[in-house]
Amino acid sequence: MTTVTKSAIGFLPRAGFQQLIDLLAEDGRTVIGPTVADGAIVYGEVRAVSDLPKGIGAEQKPGSYRLVEHGDERLFAYAVGPTSWKRFVFPPTLETREARRDEDGHVSFARVAHEIPKLAFLGVRACELAALGIEDRVFLGGPYTDEDYRARRSGALIVAVQCAEPASTCFCTSMGTGPGIRDGHDLSLIELDDGFIVTAGSPAGSAIFDRLDLAEASTDQLGDASDQLVAARQRIGDPVVTAGLHDRLLAQLDNPHWAEVAERCLSCTNCTMSCPTCFCTSVGQRSDLDGHVAVTERRWDSCFTKGFSAVALGGNFRPRVQDRYRQWLTHKFATWIDQFGTSGCVGCGRCIAWCPAGIDVREELNRIAPPPQIPAKPKAPEGQAPITRVFRVEAARQETHDTVTLALTRPEGMDWEKEHGEFVMASVPAVGSVPISISRRLPTGMELTIRAVGPATTILTGLAHGAEVGLSAPLGHGWPIEAAEDHDIVIVGGGMGLPPLRPIVDEIVAHRARYGEVHIYHGARTPGDLLYTSELAAWAARGDLDVGVTVDRADEHWLGRVGIVTHLFDHARWDGSRAIAFVCGPERMIQATVSTLASHGITPDRIFISMERHMECGVGLCGHCQMGPYFVCKDGPVFSLAQLGDVFGREGI
Amino acid sequence: MARASTTPRPRLGVVKLASCDGCQLMLLNLEDELLAIADRIDIVEFPEATTHRSSGPYDVVLVEGAVSTPEQLEQIHEVRREAKLLVTIGACATAGGIQAMRNWRDHDAFRAAVYAHPEYIESLATAQPVADYVKVDAELRGCPINAGQLLELVTALLTGRRPDLPDEAVCAACKRAGRVCVMVSQGIPCLGPVTMTGCGALCPGFDRGCYGCFGPRESANVDSLSRGFVHMGRTPSEAGRLFAGFTGYAEPFRGLITELGGVPGTTPVPRATAAPEGAAGHAAPTPAGSPAQAGGQR
Numbered sequence: 001m002t003t004v005t006k007s008a009i010g011f012l013p014r015a016g017f018q019q020l021i022d023l024l025a026e027d028g029r030t031v032i033g034p035t036v037a038d039g040a041i042v043y044g045e046v047r048a049v050s051d052l053p054k055g056i057g058a059e060q061k062p063g064s065y066r067l068v069e070h071g072d073e074r075l076f077a078y079a080v081g082p083t084s085w086k087r088f089v090f091p092p093t094l095e096t097r098e099a100r101r102d103e104d105g106h107v108s109f110a111r112v113a114h115e116i117p118k119l120a121f122l123g124v125r126a127c128e129l130a131a132l133g134i135e136d137r138v139f140l141g142g143p144y145t146d147e148d149y150r151a152r153r154s155g156a157l158i159v160a161v162q163c164a165e166p167a168s169t170c171f172c173t174s175m176g177t178g179p180g181i182r183d184g185h186d187l188s189l190i191e192l193d194d195g196f197i198v199t200a201g202s203p204a205g206s207a208i209f210d211r212l213d214l215a216e217a218s219t220d221q222l223g224d225a226s227d228q229l230v231a232a233r234q235r236i237g238d239p240v241v242t243a244g245l246h247d248r249l250l251a252q253l254d255n256p257h258w259a260e261v262a263e264r265c266l267s268c269t270n271c272t273m274s275c276p277t278c279f280c281t282s283v284g285q286r287s288d289l290d291g292h293v294a295v296t297e298r299r300w301d302s303c304f305t306k307g308f309s310a311v312a313l314g315g316n317f318r319p320r321v322q323d324r325y326r327q328w329l330t331h332k333f334a335t336w337i338d339q340f341g342t343s344g345c346v347g348c349g350r351c352i353a354w355c356p357a358g359i360d361v362r363e364e365l366n367r368i369a370p371p372p373q374i375p376a377k378p379k380a381p382e383g384q385a386p387i388t389r390v391f392r393v394e395a396a397r398q399e400t401h402d403t404v405t406l407a408l409t410r411p412e413g414m415d416w417e418k419e420h421g422e423f424v425m426a427s428v429p430a431v432g433s434v435p436i437s438i439s440r441r442l443p444t445g446m447e448l449t450i451r452a453v454g455p456a457t458t459i460l461t462g463l464a465h466g467a468e469v470g471l472s473a474p475l476g477h478g479w480p481i482e483a484a485e486d487h488d489i490v491i492v493g494g495g496m497g498l499p500p501l502r503p504i505v506d507e508i509v510a511h512r513a514r515y516g517e518v519h520i521y522h523g524a525r526t527p528g529d530l531l532y533t534s535e536l537a538a539w540a541a542r543g544d545l546d547v548g549v550t551v552d553r554a555d556e557h558w559l560g561r562v563g564i565v566t567h568l569f570d571h572a573r574w575d576g577s578r579a580i581a582f583v584c585g586p587e588r589m590i591q592a593t594v595s596t597l598a599s600h601g602i603t604p605d606r607i608f609i610s611m612e613r614h615m616e617c618g619v620g621l622c623g624h625c626q627m628g629p630y631f632v633c634k635d636g637p638v639f640s641l642a643q644l645g646d647v648f649g650r651e652g653i
Numbered sequence: 001m002a003r004a005s006t007t008p009r010p011r012l013g014v015v016k017l018a019s020c021d022g023c024q025l026m027l028l029n030l031e032d033e034l035l036a037i038a039d040r041i042d043i044v045e046f047p048e049a050t051t052h053r054s055s056g057p058y059d060v061v062l063v064e065g066a067v068s069t070p071e072q073l074e075q076i077h078e079v080r081r082e083a084k085l086l087v088t089i090g091a092c093a094t095a096g097g098i099q100a101m102r103n104w105r106d107h108d109a110f111r112a113a114v115y116a117h118p119e120y121i122e123s124l125a126t127a128q129p130v131a132d133y134v135k136v137d138a139e140l141r142g143c144p145i146n147a148g149q150l151l152e153l154v155t156a157l158l159t160g161r162r163p164d165l166p167d168e169a170v171c172a173a174c175k176r177a178g179r180v181c182v183m184v185s186q187g188i189p190c191l192g193p194v195t196m197t198g199c200g201a202l203c204p205g206f207d208r209g210c211y212g213c214f215g216p217r218e219s220a221n222v223d224s225l226s227r228g229f230v231h232m233g234r235t236p237s238e239a240g241r242l243f244a245g246f247t248g249y250a251e252p253f254r255g256l257i258t259e260l261g262g263v264p265g266t267t268p269v270p271r272a273t274a275a276p277e278g279a280a281g282h283a284a285p286t287p288a289g290s291p292a293q294a295g296g297q298r
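So the protein sequences, as listed, match chains A and B. Residue numbering for the first sequence follows the working numbering, beginning at 1 and increasing consecutively. Residue numbering for the second sequence follows the working numbering, beginning at 1 and increasing consecutively.
Hints may contain errors.
Said to hold, decoys possible - Computed list of lysine-lysine pairs in DSBU-like fashion (alpha-carbon distance at most 30 Å, straight line): (1) B:Lys-84 - A:Lys-306; (2) A:Lys-306 - A:Lys-61; (3) B:Lys-84 - B:Lys-135; (4) A:Lys-54 - A:Lys-118; (5) A:Lys-306 - B:Lys-135.
As the list claims (entries may be wrong) - To list a few chain B residues with every Cβ distance to chain A over 10 Å, as calculated: (6) Asp-42; (7) Arg-80; (8) His-117; (9) Tyr-211.
Hints were generated in silico from the structure; no laboratory data involved. Note that this is a predicted model, so its numbers are computed, not measured. Quick reminder that beta carbons are idealized off the backbone N, C-alpha and C, glycines included.
Taking the hints into account, I'd like the entire structure generated from these sequences.
Next up, the structure:
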């Protein structure tokens, strides 16, 4: 490298650094960079060189971080601290939506628009560039997108500074993200003793590059930079072998080691909160005292809290800390790859240093291997954020003492034929949103069958003709009824599992000749809990549908079958080799049903089940409903048993 | 989505047991909303605010303070009978408060040492959280409670939703607020990882460790955290005493404190003169002296 043109690489003398800060701030941008506060190097506003941590670094170990004085002139001689840039593109709390309910009961929903600050990020490390790339895939890479993130992300100017002082907690080398800067920046700097080697990575960066008073970078300086990078890489080594890690980790779901980690893990959320890629959120409602105006606030949440995996009626899919730790680690290092095409870890080491219990993720991952190459940043399609539309209650029919079917008319102008999906998110202003399966599709809208189990569903079941309700467009993947053509069909619905299955029966009744033998089995707790009793009777009366009904506990008037739903068909004579099964109900009922169906010869690829998980956003952005590699809301809720593999029926997933 | 708005105004009472009144004062501290609240709720009993007294029935009663005397024990059963919803507020009512430190010690010895005429003092051998005696429908933690959480409770009550009272660790709020962990960066012991959120992570914002005034959160791994304190240079008994604050009587803090040597201080030596017959402390329904067994589930 003998001839270096000024337009490609320049050298900014140390004395000229203020010029860079001033240029970054020139068009009203706030420059965010490293500052010393509260015993750490954190990202805060930088106006002058003197705001930067001159001569200061940090010694980091599992559970420990201490500032140290280097006593030199360097401004960026530290490894990443507690703050990550995600705070500035994905705020910890954000008002997302405002709901209003007027005196007449009309409801309306509006997205809350935020003024997006113009920011420049100064001192972004290679691992952090990779983290931003991962967040792009999460928030912008799917069918639904986070437009607030897009605005903040695309508005920020990124000045990367290559890492020369890795900490003992770093493992970017293993994760293939650093320490060398490759792409994703507008400007990139390499700090040497007497100044900075500067290159531009984008047109915006070039515009600043061209205005900086740069000298030519000498061959010696470029050599020093190269040596510095090699030294940093050698100091880090390759602490985690990632080759095959995905499969190795997922093969260890029953390892007793998860319980051992849980004895140390505080489930305090520090790892996920300081992680630059963890993206899970929850929403809360804030309203005026009368509930007329309510604001939905989204906040960072964590798979380590119990509430994160809670569902109605006190259920919880990850009650133990070992379940939560397993969820975090297997997601971060394995199922994230299935979901987004990259690992969820960039090797920055924050979860190691900032774990108060000093748990070292590298030690918990028992073997090591070469990094998955992070493909080029995805071209995010112009996505859409989910929209809440106002539907009108046409009729409300009481099914049982606590369950109501609402017939809802869609708003004008909705291209209904194009709206597929299995469920909707029903929003009750000031109370919250709940996922409800569609129990019948109508040309004019849909029916929802709702059981009153919490505040939102209690309000929904109390609605009458003319009331308005906010619904998202139909979401998720439903039953693959087309796969059942020319096959026999077995439908098993336990309790509230029947409503999601009813559209299948509607389709069969509409096109009866397309399907073979059809068996419909419904079980409820008591005779009073049986749903659609007149429809069940009408289906049975047709003569071409085999309908079976049972209850767990009879009353004095009940003359029908008593026992769990599988008793209806465990001795049935039909042959399952030509059958497709559709099953919905409580998870234990599904487990029992699946094994009975298997004994009739129905293979896992022909058994479709609907899974319940805590759904909060409905579109795969909040992270609540993760189940192994899947988001239940976006990838399901209907899955084939073969698709779920050994994730199905496992405790604590 | 219209709901009936002509329902009668809910009747709210504020009841005080053994406490400092700080928590009920938070209701008066809701200055911006107080008039609007008073417009929508009949506050029928509130000794800090009005001399007007009224008995139940209540739609909601906020109970402050621990059950510390036989009279309070009767009172709390009476309040429970009169209240549709009973909400305990503050560390005393939800965890026993600082006065529950006596549960590790000889109650009579303290009474004899402190009072000139201990025979006039009627108190139970232990100070207990309200939930040890009657069913509690909701609790607001803290010493004192957080005004925002109180407003959230009242709003949820009026709008018919579940109050948004997360059970996560203080750490989650601390990190959202962008605070630097005082334990990791300064070696200051902090109960944040095992303490329920709700305060907005106040203490770590002032370079202090959390001292657990909101009490244990779900899945509080006190064993791991206390081992961490020992690793940071505390002796095991020092580590245990860090948990012995306003909520030390709540499990699992209580078991850990007992295991690591109990609460700070010493029990006074009883005076030579025996107390007159019949003036001995009333036995509480749950045995004193064995804190690990006393009390209900936390």
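Numbered hints the structure breaks, given as an ascending list: none
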